[in-house]
Amino acid sequence: MQPIPIIASVLIALSVGSNDTSNALGICIGCRIISFRRAVILFGVFVLIGILLQGRKVMKTVGKDIVEMDLRILGISLLVSAMLIIISNWKRLPVSTHQVIIGSLTGSGTALGADVNYGSLFEILLSWVISPLAAFFASLIIYRAMEKTLSKLPFLQIERIIRVLLLASGIIIAYTTGANELATILGPIIHAGLIDEAWAFLGGAFLVFLGAVLLSNRIIETIGSGITALDPYSGFAAQFGAGCCVFLFTSLGMPISTTYCIIGGITGVGMLKGTGTVSVDLLKKIALSWIMAPALAFLTCFTIIRTLT
Amino acid sequence: MVLKDLFLGGKKELEVIDKMKKHMGFLCSACTTLKAAIENRDKELISSVSDLEREGDIVRREIFSNIYEGAFLPFLRPNICRFVEIVDNALDVTKDAAIEYTDLELDEETKDDCARIADISAKMCEMLLAAIETLSGRADLREKSLAIRIYEKRVDEIEFDLIKRLRTKEIKNFWEGKALSDFIHDLTSISDLIEDASDYLQIINISLR
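Just so you know, the protein sequences line up as chains V and Z, in that order. If you number the first sequence the way this note's numbering does, the last residue is 318 and the count never jumps. If you number the second sequence the way this note's numbering does, the last residue is 212 and the count never jumps.
Worth double-checking, as some hints may not be accurate.
[As the list claims (entries may be wrong)] Okay, derived cross-link-like pairs now, DSSO-like style, lysine-lysine, Cα gap no bigger than 27 Å in a straight line: (1) Z/15 <-> Z/25; (2) Z/14 <-> Z/24; (3) V/161 <-> Z/14; (4) Z/126 <-> Z/25; (5) V/161 <-> Z/24; (6) Z/114 <-> Z/156; (7) Z/15 <-> V/161.
By construction, these hints were calculated from the structure, which means they are not laboratory data.
Build out the structure end to end from the sequences listed, making use of the hints.
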């Protein structure tokens, strides 16, 4: 049973690398601010810095505070999480790694009658609701501030500053991917004592980097070109707003989704430009996925454990 | 290296802006030369307009090549390329007008109107050149765009009167009439294209704000 959680964590870390590099540096690569090779190296470095400097709080929340961990809970939860994440990536459905892992841990814990800390769970659920809204308002404020300051500069200067800002916001997202996303994956196995913390940090960051090198190229091309074709000005406000928001929640030890924060940020900037620019249908689908992902993970783990025991 | 590129970069963009000015400068010279050719009935100058158009083509290719190599954010590139294409079209029609002029014998009144149109087009070029400079400076682009629109309106008024008068003029044969019509059409198209280019410059300028 012992290798199963580690193998599942390896798969999830690779998947995070393949998908989340585009969250962080897709815009920069699409804008040719930085080459793919340099972007991936930068991403890997900041993921490692993120987990080293700020990963422990989120790791404690996920690995210790939610459910009383044992090897069965860990094995089933991470295996189901890895499968759900891989299937959703394959089917191109947006799911949050955090939601799937936390849904799985809670489902397994409940099925085995383990001590589930509903207080912590409620705090996490609350942070999932608040974080996209916080990103919504943060992006809105950043966009307004840019309009008041940056817009007054000459065109060429704005172009240069936006390049620097886009790279800075990409680095923040890379950092929070380490401090929050990777911490969510590593928290359960470190706190269960399956792996030494230092090795987990290095190995985890390397796997995320490997996922970025091997699997992220196509996704980055699609997302990078797609987003930048819209508007780098709004793209920065949304990404930076989301990055600041994830950074704040990471400091509070809350495992939250970068993707949902970026969606919140994009919606905020879209609202500022006019409600017509926001696709309500798409937001409904995202909201449905937001509810379905943890629910499905919970039910799958619960059913598997109840069937097996 | 990455940070050096990022903070000290912008050379590619400045190079493109400089080449856009150079390209625009060729259009200014072409319009001024055409004006001089019409005013002085000096058909020797026509070949200079063709030379300027050829040099403009070379600069246009260099601009596209710089943009392909990564100058400017991809979001801005289509509008910058469109701007350069419009300026290049203006150079083409200036050359066409110059070539058509070689076969024409204009009466004094028509010659004066055509020279006025060429003169206004040259002034519009200078205004557009100043507008390009605002991309790297703090000057207000809107004032220049407004001035270009006013100039264009003046060309339209001269064109309206000119065509009205030319319709009463007796034409000896089809080809003489066609050459005159094509010349007037190309001459007045220059200002239309400069106005279009000015609009694109305005789009480029506001697209990052």
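These are the hints, each one checked on the structure:
1. Z/15 <-> Z/25: holds (15 Å)
2. Z/14 <-> Z/24: With Cα atoms ~15 Å apart, residue 14 of chain Z and residue 24 of chain Z stay inside 27 Å; holds.
3. V/161 <-> Z/14: Given that 27 Å is the threshold and the Cα spacing comes to 22 Å, the pair holds.
4. Z/126 <-> Z/25: holds (16 Å)
5. V/161 <-> Z/24: Distance of about 23 Å is within 27 Å: holds.
6. Z/114 <-> Z/156: Since the Cα atoms of residue 114 of chain Z and residue 156 of chain Z sit roughly 20 Å apart, the hinted pair holds (cutoff 27 Å).
7. Z/15 <-> V/161: Distance of about 23 Å is within 27 Å: holds.
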